Amino acid sequence: MAPSIIQTLHHHKLLLLLIIFLFALPLSISSTPITEAEALIAWKTSLPSSYPSLNSWSSTNISNLCNWTGIACNSAGTVITINLSSMNLNGTLNQFNFSSLPNLVSFNLNNNSLQGTIPPTISNLSKLTFLDLGSNYIDGNIPPEIAELSELRILRLYNNELVGPIPNQVSSLQNLQYLDLGSNYLESPDNWSEFSNIPSLTHLSLYYNEIDSEFPPFILNSLNLTYIDLSINKLTGPIPDSITSLVKLQHLNLTNNVFQGPLLSVKWQKLISLKDLRLGQNEFTATIPSEFGYLSNLQKLELYNNSLTGVLPPSLSNLNQL
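Residue numbers -30 to -1, 1 to 292, in mature numbering (1 follows the signal peptide of the UniProt record, and there is no 0), belong to the letters of the sequence shown in order.
Read the hints as simulated data drawn from the structure, not as lab findings.
Predicted, not measured: the structure shown is a model, and the values here were computed from it.
The C-beta atom is built at its ideal place from N, Cα and C for all residues, glycine as well.
Keep in mind that the hints are not guaranteed to be accurate.
Mimicking SDA-like on lysine to any residue, the simulated pairs with C-alpha atoms at most 25 Å apart in a straight line are [to be verified]:
hint: 1; residue 1: 245; residue 2: 212
hint: 2; residue 1: 237; residue 2: 269
hint: 3; residue 1: 14; residue 2: 97
hint: 4; residue 1: 204; residue 2: 133
The calculated label-pair distances, taken between Cβ atoms and stated as ranges, are [to be verified]:
hint: 5; residue 1: 211; residue 2: 282; range: 21 to 27 Å
hint: 6; residue 1: 4; residue 2: 211; range: 57 to 63 Å
hint: 7; residue 1: 237; residue 2: 161; range: 25 to 31 Å
hint: 8; residue 1: 183; residue 2: 5; range: 43 to 49 Å
Construct all of the structure, not just a fragment, from the sequences and the given hints.
Here you go:
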C-alpha cells in the first residue's frame, strides 16, 4: 500500500478516535440568563395553580429576569438567589431543572404548600450556601446526594413530612453552621459512628422526630455548638459527661425524651455559657446538682416531670437572672 494512502488512513483513524472521545465526555450544560429564565418558567408552568405573584416570570419578560419576583442576580446577570418564601405555592420540585442554575447561592421556599420529595438532582446546585425548604409538606427521605452541596452553610428542612433515617451524608457537609431538621418523622441513622462531627456547626435542631438512640455522639465533638434542641424524641440513656466540652453552648433542650440516670454525673459548672437548660419530662433520678448554681449566665432552668429527689440546693439562689 502506498505511503500516502497509509498516512491518510492513519489521520482518519485519529479523527475517528477524537470524535468518539468527545462524545464520551459528560455533557455540561452552559448556563445563560435565557436558559435560567426558561428553566424557571418551565417549573412555574408545572405548578398546579397560577400565581399572580409570579406574573413577572414570563417568556415575554426574559430580558428583565433579574427583576422577577423573588430573583436576584450577580453582576453577570445570572441567578444567584431565589426567595419565594410565604408565597402560598403548591406543587412539587420534580420539574425544577437544578442543573440550569449552577450559580445559585441561596434557595428559599420556606412556608409554602409544596409536596413530593426532594429530588436527588438538587445536588447540581454546587455553589449553594443557603437552602430552606422548611414548613412545607415535603415527604420521603432526605436524599444522600445532599452531601454534594459542599458549600452549604444553612440547611433548614424543618416542619415537613420527611421520613427514614437521617443519612450519614449530612455529616459530610463540613461547612454547615445551621442545621434544622425538626418536626418531621426522621429516625436515627443506621449507625451514629459513621456520622462524623461537623466542626462549623453552631445551631442544631432535631426536635419532634422519631430518634430513639442514646445521645448522638457526633454532637459531643462539634465544639462550636451554641444551640441544641433534641426535644420530643425517644432518646435514652444518660447525658454523657463529655457534653461539658461544648463550652460555647448557650441553649440545651432535651425535654420530653427517655433520658435516665443521675444529673450529678455531669460537671455542669463547665458549661459556663449556658443560658437556657431544659431537661423536663425525662427519667432523671437522684438530687438536683448544686453545680447548677454556678452557671452564672443561666436564665431558664426546667426540670419538671422527672424522678428527682431531695431539696433544692441553696446554690440556686446565686442565679440572679433565672
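Violated hints - listed by number, lowest first:
none
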